[in-house]
Structure formats: C-alpha cells, structure tokens
Amino acid sequence: MKGNEVIAEAAIRCGCDGYFGYPITPQSEVMETLMLRKPWEETGMVVLQAESEVAAINMVYGAATCGKKVMTSSSSPGVSLKQEGITYLAGAELPCLVVDVVRGGPGLGTIQPAQSDYFQATKGGGHGDYHLIVLAPASVQEMNDFVDLGFELAFKYRNPAMILSDGVIGQMMEKVELSPFKPRWTDEEIEKISGSWALRGKKNREHHIVTSLELDPYGQEKFNRKLQAKYREIEAKEVRYEEIACEDADYLLIAYGSSARICQKTVDLAREQGIKVGIFRPITLYPFPMEALAKWAGRVKGMLSVEMSAGQMVYDVRLAVNGKVKVEHYGRLGGVIHAPEEVLEGFKSAFGL
Amino acid sequence: MSNIQDITKPEHLVYRKTPLLTDNVMHYCPGCTHGVIHKLVGEVIEELDIQDKTIGVSPVGCSVLAYNYLDIDWAQAAHGRAPAVATGISRLHPEKYVFTYQGDGDLASIGCAEIMHACSRGENIVVIFINNAIYGMTGGQMAPTTLLGQVTATTPYGRDPKLNGFPMKITELLAQLDGTCYVTRQSADTPGAVRKAKNAIKKAFQNTRLQKGTSFIEIVGTCNSGWKMTPVDSNTWMRENMFPKYPLGDIKDI
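Just so you know, the protein sequences line up as chains R and U, in that order. Under the working numbering, the residue at position 214 of the first sequence is numbered 218, and the numbers go up by one with no gaps. Under the working numbering, the residue at position 226 of the second sequence is numbered 652, and the numbers go up by one with no gaps.
Rather than coming from a laboratory, the hints here were simulated on the basis of the structure. Quick caveat, the model's predicted, so the values are computed rather than measured. Positions of the beta carbon are idealized from the N, C-alpha and C atoms, including for glycine. Hints are supplied without guarantee of correctness; some may be wrong.
Here are some chain U residues pointing at chain R (derived, C-beta under 8 Å) [stated by the list, open to error]:
id	residue
1	Val490
2	Ile498
3	Trp500
4	Ala501
5	Ala512
6	Ile515
7	His519
8	Lys522
9	His543
10	Glu598
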C-alpha cells in the first residue's frame, strides 16, 4: 500500500472519530482513500473536505474540544496555513493528530519530497512557546504504526501530535501489516479519559471552557510554566530513536524519515570501502534524542546530519553533542532526493576521507 | 403588604435573571447591546431546556469572553474561525445545539470564507451575528459593515468608497446559499425589538432540533464607545443610518 493510503486505513482502524482535510499534493490520497472507504458507514468516523487548510485545522480544533480522536493531513504550504490553528490547539491543550507529507519550499515550491520543514514542525511553527510531539516515519509500516501512537501521545499529554512524513514515504508503496481494528471510544470511555475538560454539554458540573486566552499576564505566565513542565516530562519520557550498525562505527549518519532509508545503502557502500559508518535515526524529532546522541560524542570521529534540506536538524545534533565532536550537514534541496552514492561522497568530503 | 417578606414572596415575582447568565461582572461598555443579546440567548436555552445539550463558540472581538457570562460549555475560536470550529463540534456532536456568536469584523471580514462555507454546507448550527459597524475590541477601526462616511479610527475622514470600498451586506449574501434555512436581521434597541430578536433566536435553536441547516441571525447593534456617542444618541444614529442600509426583518425562512 501507499504511505498516504495507509494513514487513512490506520485512522479508521485505530478508532479515529473525525478527519478534516483539504486537497494538496503529495498527500491527497489520504482524504481520497477515506472518502472511498466511507468509514462513516463502518465505524461512524466523520470525514469532511473543508474549504481551506485554515478551516480544516479549525474544524479539528472544534472536534477536538469534544474529547474525541480527530486529525487532519496536509503538505508543507497547507501546514503553513494550519499554523494558526495548531498554536490555538497547543494553547488550549487539545489532543489531535496532524500529518505533514513534506514537499519542497519555500513558497509554492515543488510537489517533490523534502525535509525542509523540520524547524516548523519541531520548534512550534506558530506563535508562542509550544511544541508538537513530532514522529518521523521511515517506512510505510511506521505510517501505520504512528497514527495510533500519535493519538496515544496526544491524549496522554493533551497536546497536538504530528507525523512528519515526506513525499517519498507518502507516495512509496511497501508491504505493511495493518493494525487490528479498535472500536471508537464510547461516551463512557470519553467521559473517563477527557471528562474533566471536554465539551459534552453542562450537566451536574461546572461549565467547561476551552480557550487559549488569559488576559492577566501573570496568569498567562503561570499557564506557560505549566506547558513547559509538560514539555520537560515529554522530553524525559517519550524519546524514541533507532541505532543501526552503530556498535563499531567510527562515524555516524544522523538521519530521519526517507533520508534514514537512503542512508542504509550509504552505510553498506561505506563499509564496502572499509569505512565504519552507522546510522542514528531519531524517531521522535520532538522530543529530540539529545542524551542518546550525546553518548556517541566521545565515541565517534564525526557526525553527518543527512537531511533533504539546507540543514535544520543539524542544529539539534550540534546542541546535543555540544562541540565534543565535529558535526556536518549534507543534503540535496528543493525536492531533489539524494542518492546513497551522493551521501557517501558528501560524507567523505565533509571529513576529508 | 408593604413589608419585604411579603414583597419577595415567589408569587409576587415579576422578573428574574435567567440562571443561564452567570453572576460574573460583564466587561462590556455601558450602553452596549451584547449584554441584552447574551440574556436573550440564555433565556432561550433555559426555555428550551437545552443547557446540557448546548455548546457555544465565542469569537475574537468584544464577545470573546462570552464564555464567562453564559453557563454552558464553550469553545473559544481563532479570529473568524468560529463557523469552522462549530462545524467540527456539530459534526462530532450531531445531537447537540451548537451556536457561534460573532461580531462584524470576525464574521464578515477575516472569517468570510468560514461563514460562507459553513452556510453553504448547511451546517446544523445557529449563527448570531452582531453588526455594530465597527471593530470594538481593538479600539474602533473600520469594519466591513462600516457605513459610507462613517468616522472610525482607520477612516478618520469618513469611509470613502474609493479608498475603503463599500459596506458589505453579508446577511443578504448568505441568504443566497442553499444551506441556510433561516436568515433574519433584528435589533435590540426597544422592548418590542428585543422580543422579536428573542423569538428569532428561539426559532433558530428549534431549527437545529429539526436538523434544518444553518440559521443565521444578524442583530444590528450599537457601539457607543467606538462611535463616540452616548448610548441614547447611538440608538438614534443606528435607527437613522444603520436601519436604512441594513433593513430589519426576515430575509429567508424555509
């Protein structure tokens, strides 16, 4: 199945209550698949094509206030439009899932795959001090797995979660083991999980207000401190990463998503030439695996951040190792996918090999 | 029967505040119509006995804090996005009464796309649109509904169509859309007008019960602070200038 189709199927299977979207290449198959599947007949899941990405994310905001599992998907220019809604979701502490199938920018850019929205995804993206929980799938299988995981984390922390994919993973066809069907939450389950804040109609309790407004700056500072405490907890508990061929490595390629797949071939090519290279793959881009990466700082001679961008994650890699090891960047730009051989050449040239 | 115990007997009660209105002190300026309209919404929710089934969506603008005044569940929406937020709530809570409460800048300017498409889809919601021809919260700037010649903070020499364009009759536009079932324009400047406005609000909520689509109620109101007039002069100015441009009455009722 295609990565995008799997997002749709995984949403239905994990008991998602609502999807709101707007067509944009290269992720339109998500909504197309949902419309074809008619989940409203099968599970009761709502699927709605909105008039814009702005409307779609605000429909998600409204739907999320109900304490239900709701999501949207888009690609880079569309995700830029969604940033207003995303910061409101973060500010109102609403759980939801946003899928970003990244394409090359800036502006209208290109419809080809890129990884140039790392900053936008991991550093907030809209206004204010907030983070999304960002999961980076490197396979169609992970497109499936991260839908459920994204919802789990979003509800655990009452925070929007994002799957940061790209045009390669979205359009790529691979074998996938789909998750078993889970029913949508019942009213009783929603009451148990989100009953303390969700908008379900005031009865025998105080009225619930979902808002991100606090006119008193001291009150807003207090709320921001609470948000920051939540992010520290996420950073402590939710870091995910994968180490490939790292045990004997002299050098590490740091790569996520489709670049991590490309780097697997690069590692083979390098090892054929007697250069011991491994891959450190962050799976959560926020929280970034700072400590796990820092442990390698004294053990390898160099790290190369491989991203289809001008170098964005490389800043987090440098923060993680704090100057203890040389960190360089390699990446093709604007929708060009780097070949394993190109990465190897970039790697050798970065470290004078 | 002149002592206080006699006078306050339940059978002598002639008026009480609807319990749907909270006791929070309203932030609205003296003379503002929001308070009256909030009360009407509260009375309708009480009379229809739907407090436990009603969810309000407040806008950005003067009525952003409406959630502090009506004792129901509320979502606060981004500027202009209340109809999209209400769509999300209503689609996932089809049995609930979902309404937005929006001003003219929120609904007719920045939220033009969202209200158009919510009405076009015929979302089963109520929209209460307060048109006072000005941005109140931000200090009295020109709104899409500001009249020609009207002085605001951003039209200090009066609204000039060459410079600022024309006032927008969005309610008439929305009446053209197949998804709206009830479109009306009301005011709240006299006891009679208040009763009519309340009936319109009640009808709109009943339409939600009947799953008829989008009910849209414009209420032409005043902003004496923004207009820089006394409340009494504001009402006079509204009747002389706003009503000819924005005539009261039902525009669509199917």
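Going down the list of hints, with the structure as the test:
no., hint, verdict
1, Val490, "holds, 6 Å"
2, Ile498, "holds, 5 Å"
3, Trp500, "holds, 5 Å"
4, Ala501, "holds, 5 Å"
5, Ala512, "holds, 6 Å"
6, Ile515, "holds, 4 Å"
7, His519, "holds, 6 Å"
8, Lys522, "holds, 6 Å"
9, His543, "holds, 4 Å"
10, Glu598, "violated, 20 Å"
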